[in-house]
Amino acid sequence: MTRISALVAALLLVGAIVGVPPVAAQAAQPAGSLQCDSTCISSQFVVSAPVAADSLSVSQSATCQGPCHPKRVDLAVLQVIFVNYLVGSFNRFLRNEPFTYVGPETWATNIREGFNWDDNNFSTNQLAHPFHGSIYFGAGRSNGLDFWESIPLTAGGSLMWEYLGESHRPAFNDWIATTMGGMALGESFYRLSSLVLNNESTGTTRALKEIAGGLLSPMRGFNRLMRGDVSYIGPSDFERDPGFFAIRVDAGARAIGEGESLENGQTHGFVSFDFQYGDMFAKDYRKPFDTFRLSVQLNGRNKQALGRVQVEGVLYSSELTRTTKHLFRVWHNYDYINNDALEFGRNGVTLGVNSRFPVSDKLEVRTTLGGNIIVLGGINSEFVGVQDRSYDFGPGVGVQLQARLVKSGSLFRYLAIGYSADWIHTVSGADGEHLAQLAFLTSSIPVWGTLGIGADASVSLRNSYFNKFPDTDQRNPQLRLYLTWWLR
Amino acid sequence: MVAPVKRPIQALARTRSSLAAAGGVILLAAVFVNSVEAQGSDHRRGFWAQGGVMAAANRSDCSNCNDFAWDDGGAVFLRAGGTISPHVLMGAEVYGFRQTDGEVTETDIQGIMAIAEWYPWLHLGGFVKVGIGVANLDLFVSTQEGGSTQSSKTGMAISLGFGWDIRVTNGISITPVVNTYINAVGDLDIEPVGTADNVLTTLLTAGVGVTFH
Numbered sequence: 004m005t006r007i008s009a010l011v012a013a014l015l016l017v018g019a020i021v022g023v024p025p026v027a028a029q030a031a032q033p034a035g036s037l038q039c040d041s042t043c044i045s046s047q048f049v050v051s052a053p054v055a056a057d058s059l060s061v062s063q064s065a066t067c068q069g070p071c072h073p074k075r076v077d078l079a080v081l082q083v084i085f086v087n088y089l090v091g092s093f094n095r096f097l098r099n100e101p102f103t104y105v106g107p108e109t110w111a112t113n114i115r116e117g118f119n120w121d122d123n124n125f126s127t128n129q130l131a132h133p134f135h136g137s138i139y140f141g142a143g144r145s146n147g148l149d150f151w152e153s154i155p156l157t158a159g160g161s162l163m164w165e166y167l168g169e170s171h172r173p174a175f176n177d178w179i180a181t182t183m184g185g186m187a188l189g190e191s192f193y194r195l196s197s198l199v200l201n202n203e204s205t206g207t208t209r210a211l212k213e214i215a216g217g218l219l220s221p222m223r224g225f226n227r228l229m230r231g232d233v234s235y236i237g238p239s240d241f242e243r244d245p246g247f248f249a250i251r252v253d254a255g256a257r258a259i260g261e262g263e264s265l266e267n268g269q270t271h272g273f274v275s276f277d278f279q280y281g282d283m284f285a286k287d288y289r290k291p292f293d294t295f296r297l298s299v300q301l302n303g304r305n306k307q308a309l310g311r312v313q314v315e316g317v318l319y320s321s322e323l324t325r326t327t328k329h330l331f332r333v334w335h336n337y338d339y340i341n342n343d344a345l346e347f348g349r350n351g352v353t354l355g356v357n358s359r360f361p362v363s364d365k366l367e368v369r370t371t372l373g374g375n376i377i378v379l380g381g382i383n384s385e386f387v388g389v390q391d392r393s394y395d396f397g398p399g400v401g402v403q404l405q406a407r408l409v410k411s412g413s414l415f416r417y418l419a420i421g422y423s424a425d426w427i428h429t430v431s432g433a434d435g436e437h438l439a440q441l442a443f444l445t446s447s448i449p450v451w452g453t454l455g456i457g458a459d460a461s462v463s464l465r466n467s468y469f470n471k472f473p474d475t476d477q478r479n480p481q482l483r484l485y486l487t488w489w490l491r
Numbered sequence: 100m101v102a103p104v105k106r107p108i109q110a111l112a113r114t115r116s117s118l119a120a121a122g123g124v125i126l127l128a129a130v131f132v133n134s135v136e137a138q139g140s141d142h143r144r145g146f147w148a149q150g151g152v153m154a155a156a157n158r159s160d161c162s163n164c165n166d167f168a169w170d171d172g173g174a175v176f177l178r179a180g181g182t183i184s185p186h187v188l189m190g191a192e193v194y195g196f197r198q199t200d201g202e203v204t205e206t207d208i209q210g211i212m213a214i215a216e217w218y219p220w221l222h223l224g225g226f227v228k229v230g231i232g233v234a235n236l237d238l239f240v241s242t243q244e245g246g247s248t249q250s251s252k253t254g255m256a257i258s259l260g261f262g263w264d265i266r267v268t269n270g271i272s273i274t275p276v277v278n279t280y281i282n283a284v285g286d287l288d289i290e291p292v293g294t295a296d297n298v299l300t301t302l303l304t305a306g307v308g309v310t311f312h
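Just so you know, the sequences run in chain order H and E.
Numbering-wise (the numbering used here), the first sequence opens with residue 4 and increments by one.
Numbering-wise (the numbering used here), the second sequence opens with residue 100 and increments by one.
The set of hints was computed from the structure by calculation and includes no laboratory data.
Just so we're clear, the structure is a prediction, and the values are computed from it rather than from any experiment.
Check the hints yourself; a few may be wrong.
Stated by the list, open to error - Within a straight-line C-alpha distance of at most 25 Å, the following computed PhoX-like cross-link-like pairs (lysine-lysine) qualify:
#, chain 1, residue 1, chain 2, residue 2
1, E, Lys228, H, Lys74
2, H, Lys471, E, Lys252
3, H, Lys74, H, Lys290
4, H, Lys410, H, Lys286
5, E, Lys228, H, Lys290
Stated by the list, open to error - Taking beta-carbon pairs under 10 Å as the criterion, some of the chain E residues facing chain H (in silico):
#, residue
6, Asp160
7, Trp169
8, Val187
9, Val227
10, Ile231
11, Val233
12, Ile281
13, Asp286
14, Asn297
Every residue, glycine too, gets a C-beta built ideally from N, C-alpha and C.
Model the full structure from these sequences, guided by the hints.
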C-alpha cells in the first residue's frame, strides 16, 4: 500500500509540476488567455484591436506586463487533488489517524450513504476546514482563475476530500465551512501575498518576500517556484496597490466575565491584528474582495490561543447617490470566535448600506447598516447530543448596526458603537433556536504618531430556546484596555 | 432511538435504474447539443423562466437511524429570475418531491430557494446552478390500524446542479438537468416511533425542462 501511495504521490507531483513552464518558456507564448490582474488588460482587447498605426501604441501599452501566465484550469484541478493527497498522507503516515484508511470500499460506502453531520470539535470544523479550503482556493487563484471561478474548484476539492479522503461519511457542515470559509480566507491571503510579493525586488529582500508570500498563500508560492517567478525580475503581473492598506495591532489586557459582572471572570493578555485592505469610500472598486477586513486575535491563557478570525470581504458595491456618500454593499462574512466563554462561527453573506456623514472639515461619522444571511452557523449549546460536540449547527439571519467617529486621514476610531444580533435555527444539535447578541463601545486615541491607547467595553448575550430542554441564557461582559499601533 | 424502517433492496436498484435512464437521456442530449451548438449567448437577457420534471431518489438520514435506503420518486421544479450578465442568471426556484415507492413510509419535500446559474462558456448552453433556501419535509408513516401519521419540519436547503440549454427557437430551450438538493430540518418527531435526530435528506434528481429567455 505504501508503494502504491508513493507511486500515486509521484504521479500527482509530476502532473502538478508538468505544464508549469518557467518564465522563459512563457515568453514565447502568444497572448491567448493570459492571467492578468492590475497591470494587464485582457489580451482579447489586444487581439481585437484594429491593426492601425494610431492604435498600435494602445495595443502595445495594453500588453501584459510581467510573466503573465495563461489560465490553467487543468493544473488547478490537479493541484487540488495533490493537496488532498498530501493532507491525507500527513494524517495517515505521520499522525496515524484511523479515518485516513480509505479505499474503494469506503469510497463506495460514502457515495452510497452520502452526507451527515459530524462531531468534530469547534476549531477543526470552523477553522481547520476553512484553512484547508483556502489552499484549494489559492490553487485556483494562482493558476489564473478569478474569484468566482475558484469557488467551484474549492467546493469540488472539499467534496473530493469528504467522499474519498476520509473513511467516515462526508459531513455536510464540513463542505459548507470548507467552501465558504475557504473563499474568505483564500482570497484574503492571496491579496495579502500580492502586497508582500514584488517582482522588482532583488537579493535578500526578494527572498524574504517570496518566503512570506508563500507562507500566506502556499499554492501561490508553489506555483511561483515551479514557474520560475521567484527569480523573475521585472514588472509584477498582479494587483499591488489596493489604494489603501493598513494593519492595526492592539495589545493589552482583556477581562471577560460571566453574568452581570467582570468579577466572576478572568483577566488575560491578548494581541490582535486587523488588516484593512482598501477603503470603500476612496476608490471605485469592482472586483470581489477589492476591499476587505481580516481580523485575528490571540488570547493568553485560554483554551485556544487563536481566539478569533473574522473576514469581511466586499463582493459587490454600488453607489446609492452620485457622490460616494452611501454605498450599497454585499459582503461575505466568515467568523470564528472560540474562547472560554463563547464558540461562535458563521459563514454567510450580508447586504447593507455604508454611509459617511461629514461632521467637520476633519471629522466624519461612518455608519454600517446590514442584514445577515447565515448559510451555516455554529454556536455553543448546553444540550447538543451529538457525541462530544459542544455546539449546534444551523442557518439563520441577523442584523448589524455600527457608527464610528473617525478623523479624515487618521486610522483611529475616536468613538465607535455597535450592535449585532444573529438568530440561528438548529438543524443539527439540540432542537431549538439561538439568539446571539453583541453590543460594544470602543474608543482609541493617538498618543504619539500612529501609536495610541484604546479601550473597549462589550456585552455578548446568548438566549437559547430549546424545544425539549429548558431555555438557557449566557451573558458575558468584556473589557479590553490596550496599546494600539497602526502600520501603513 | 428510531426503529429502522427496512426497505427492500430492490428499491435501491429501481432508483439506480431510473436515475441511470435519466442520465442516459441527458448524455444523449449532450451529444446532440454538440451538433447543434454555435447557439450564441445573445438570447440570455432579461427575464427568464425554467420548469421541468425529474426522476428522483431521496435518502433521509438521521443521527440515531441505523438504516440507509433510497426512495424512488418524482420531482418538479420551477425557476424564474433575471439575467445579470450573459454568464450569470439569478432568481428563485421552487421544487417538490414525492416518493412513489412507499410501503411503510412516504416522504414529500417542498422547497424554495434563491439560485444563481452560471454559464462558464458564452456560446455554449452548459451551466452550473447553486441555490440556498428553505425546505419542508413531510413524513407519512402507515399505522397498523390502516391509517397514517404525518410528521413535518422545515429547515434549510442547499442545491447544486448542472444543466444544458439546447436552443430550439430564439427564446426557448430544452434543458436537461441534474440536481442534488440537501435538506436539513433538524429533529423530527415521528409518531408513534420516536424522534429522529438531526434529519438530513439528500435528494438526487435528473430530468428535463424547458427554458424561456
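Checked hints:
1. Using a Cα cut-off of 25 Å, the hinted pair E:Lys228 and H:Lys74 holds, with the two alpha carbons roughly 23 Å apart.
2. Taken as a hint, the H:Lys471 and E:Lys252 pair is honoured in the structure, with Cα atoms around 15 Å apart against an allowance of 25 Å.
3. Simply put, H:Lys74 and H:Lys290 have alpha-carbon atoms about 18 Å apart, close enough for the 25 Å limit, and the pair holds.
4. For the proposed pair H:Lys410 and H:Lys286, the alpha carbon gap of about 18 Å is at most 25 Å, so the pair holds.
5. A threshold of 25 Å between alpha carbons decides the hint, and for E:Lys228 with H:Lys290 the separation of about 21 Å falls inside it, so the pair holds.
6. With its C-beta approaching chain H no nearer than about 5 Å, E:Asp160 sits inside the 10 Å limit, and its interface hint holds.
7. Here the hint on E:Trp169 is kept, as its CB sits about 8 Å from the closest CB of chain H, short of 10 Å.
8. A least Cβ separation of about 9 Å between E:Val187 and chain H falls short of the 10 Å threshold, and the interface hint therefore holds.
9. For E:Val227, the interface hint holds, the least distance from its beta-carbon to any beta-carbon of chain H being 6 Å, beneath 10 Å.
10. For E:Ile231, the shortest C-beta to C-beta distance to chain H is roughly 6 Å, which falls under 10 Å, so the interface hint holds.
11. At about 8 Å, the closest approach between the beta carbon of E:Val233 and any beta carbon in chain H falls short of 10 Å, and the interface hint on this residue holds.
12. A cut of 10 Å between beta carbons decides the hint on E:Ile281: the least distance to chain H is about 6 Å, and the hint holds.
13. Among the interface hints, the one on E:Asp286 holds; its C-beta lies about 4 Å from the nearest C-beta in chain H, closer than the 10 Å criterion.
14. The criterion of a C-beta within 10 Å of any C-beta in chain H is met by E:Asn297, whose closest approach is roughly 4 Å, and the hint holds.
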